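Let the sequences and hints guide you as you build the complete structure.
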Amino acid sequence: MVRVRFAPSPTGPLHIGGVRTALYNYLFAKKNNGIFILRIEDTDQNRFVAGAEEYILESLEWCGIKFDEGVHVGGKYGPYKQSLRANIYAEYINILIKNDKAYYAFETSEELNDLRKEHESRGETFQYGINNRKKLKNSLTLSSSEVSNLLNSGHPYVIRFKVPENKEIIINDIIRGEIRVKSEIIDDKILFKSDGLPTYHLANIVDDHLMDITHVIRGEEWLPSLPLHVLLYEAFEWEMPEFAHLPLILRPDGNGKLSKRDGDRLGFSVYPITWKDPKSGEIYRGFREDGYYPEAFVNMLALLGWNPGDDKEIMSMHEMIEAFDLKHVHKAGARFDPVKAQWFNHVYLQSRDIKLVAEEFKNELTKHGIDITIEKAEYISEMMRERVNFVKEMVTEAMFFFKAPEELDMKAIKKWGTEKSLEWINDIIEKFKEMTTFESTIIDEVMNKYVKEKELKAGNFYNTIRICLVGTSKGPHLSKIMEYIGREETISRLEMGKRYF
RNA sequence: GGCCCAUUCGUCUAGACGGCCUAGGACGCCAGGUUUUCAUCCUGGAAAUCGGGGGUUCGAAUCCCCCAUGGGUCACCA
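Last residue of the first sequence: 501 in the numbering used here, with the numbers rising by one and none dropped.
Treat the hints with care, as some may be off.
Listed next, the in silico DSS-like pairs over lysine-lysine satisfying Cα-Cα at most 27 angstroms (straight line) [as the list claims (entries may be wrong)]:
hint: 1; residue 1: K66; residue 2: K327
hint: 2; residue 1: K279; residue 2: K392
hint: 3; residue 1: K480; residue 2: K414
hint: 4; residue 1: K340; residue 2: K257
hint: 5; residue 1: K31; residue 2: K81
hint: 6; residue 1: K362; residue 2: K403
hint: 7; residue 1: K327; residue 2: K392
hint: 8; residue 1: K276; residue 2: K367
hint: 9; residue 1: K81; residue 2: K355
hint: 10; residue 1: K355; residue 2: K414
hint: 11; residue 1: K355; residue 2: K480
Calculated from the structure, these hints are not laboratory results. Model, not experiment: these values are computed from the prediction.
Structure follows, in structure tokens:
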């Protein structure tokens with residue numbers, strides 16, 4: 001049985017890289033009829049951010065990523081929050097101590113900082129590990145009575161992993177293949193902090209083991225600590241899960257990975273939903289609030305570093321599950337492209353149930369103080385949606401349905417208007433007044449007949465009229481606009497437009 | 001700086017066993033067509049000598065080596 005987990009720490013909002021990691025875990029689990037688990041890794045109480053956990057839950061729910069086990073849904077392997085598992089880690093660290101795989105160390109963080117600085121000034125890098133642990137203040141160098149004295153006196157201590165000497169660690173990553181590292185370069189990492197809580201490395205390995213995780217799928221930033229994790233599994237004599245390290249998502253411009261500020265700087269979201277920093281009060285925009293459909297967002301995100309093995313790009317969650325394979329995850333980092341992201345939403349908007357689009361459009365209009373019936377909203381949505389990427393864009397694009405243009409586009413008038421324009425406007429106003437029903441198809445008949453009789457160039461005539469109604473030479477079929485705004489308003493706008501020609 | 005990872009059109013990518021690749025698709029861009037306008041849509045085009053240099057081979061984007069570049073990571077953070 002495949003069991004995978006997404007294990008974020010609640011230190012802030014989840015950015016799209018994190019969402020993608022969750023998504024790939026989810027797709028992999030579902031593809032293999034496995035279990036998907038949410039575990040909260042909150043062993044660092046200093047970095048706790050209020051609302052972050054709720055944010056993660058809400059974001060993933062919006063994306064349609066569901067968990068089988070986890071903090072919010074329960075399960076047999078709980079608790080799923082590491083701060084609630086402190087006693088478990090204590091138990092396992094003692095096993096390591098007992099088996100001489102870990103040791104107590106008594107340097108304070110200040111002392112360590114000094115050591116680092118000192119080494120740095122000599123152009124060296126300080127490493128607490130195989131090469132110098134025999135020279136430092138720890139249970140490897142101190143006598144057992146000295147150690148128990150320190151421990152009993154309440155002197156702060158940490159527990160460090162005792163990296164085995166002269167070992168080459170060979171790991172097989174599903175995405176990257178074989179990776180080799182020598183144990184000499186690995187630090188004796190702190191496994192247990194002086195506050196009595198484990199660090200990520202210990203908690204992560206213990207939990208993955210206890211929760212029967214079969215595949216660890218996580219970001220590439222974890223690759224450097226993979227050898228340590230492998231060594232930990234060996235120290236515990238546990239069977240290892242398989243590993244897959246995902247490439248990073250890079251910023252659209254310049255260098256480096258996508259970060260918090262990029263979105264605001266470049267004008268797009270890097271977060272799935274809006275996040276308000278509880279401390280600073282700063283607000284970071286989200287894809288949801290930008291108007292993206294979750295289906296489009298998820299589809300776009302999935303293809304940022306993965307492909308189904310063919311040319312298919314538009315895929316439902318179900319189709320992605322069917323096609324998902326870690327072998328098709330690209331190895332190199334992917335540069336996020338906001339323009340293509342918009343295209344995905346455009347495609348989803350076109351195939352969406354028009355009733356839903358109408359409802360969304362109606363809601364957007366309400367925000368702008370415009371209230372129309374759902375039928376009218378559908379009428380407009382039908383002809384406007386193909387011109388935009390987001391429903392909210394329809395509001396500005398369709399404003400002429402609700403308000404007469406304040407001024408007319410002089411460039412358009414120059415291009416389409418003629419010395420006869422004024423005459424046409426007057427003539428057509430008269431024709432409109434004579435009509436019994438002011439309905440789109442009949443309006444077309446009347447106008448077409450006029451154009452034929454007068455032998456006009458269609459473009460000049462229709463755009464003269466259009467500019468009066470819309471303000472410029474664009475928009476959906478003219479008679480549809482006229483029918484919507486009605487005869488009175490149509491004539492009024494034509495009268496108003498006359499002074500421009 | 002040490003260690004690790006990566007490197008195909010501007011961007012996302014195809015490229016599982018070397019020959020089907022004079023490198024395919026998508027976004028974007030450009031042109032033409034459709035449209036009474038704009039957009040959509042359709043058709044076409046420009047766009048990667050596969051980071052560079054050496055090998056191996058009858059043959060390499062695909063295998064090997066070196067170099068360069070980019071990235072990640074080196075916390076009592078995850």
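Here's how the hints hold up against the structure:
Only pairs whose Cα atoms come within 27 angstroms are accepted, and K66 paired with K327 is accepted, the gap being roughly 23 angstroms. Distance restraint check for K279 and K392: the Cα-Cα separation of roughly 30 angstroms exceeds the 27 angstroms cut-off, and the hinted pair is therefore not satisfied. Proposed proximity of K480 and K414 is supported: the alpha carbons are some 25 angstroms apart, at most 27 angstroms. A C-alpha spacing of about 18 angstroms is found between K340 and K257, which places the hinted pair at or below 27 angstroms, so the restraint holds.
For the proposed pair K31 and K81, the alpha carbon gap of about 26 angstroms is at most 27 angstroms, so the pair holds. Between K362 and K403 the CA atoms are separated by roughly 16 angstroms; this keeps the pair inside 27 angstroms, and the hint holds. This hinted pair does not check out: K327 and K392 have alpha carbons roughly 38 angstroms apart, beyond 27 angstroms. Using a Cα cut-off of 27 angstroms, the hinted pair K276 and K367 holds, with the two alpha carbons roughly 21 angstroms apart.
For the proposed pair K81 and K355, the alpha carbon gap of about 42 angstroms is over 27 angstroms, so the pair is violated. As the CA atoms of K355 and K414 are separated by approximately 40 angstroms, the hinted pair breaks the 27 angstroms bound. For the hint pairing K355 with K480, the CA-to-CA distance comes to about 19 angstroms; that is within 27 angstroms, so the pair holds.
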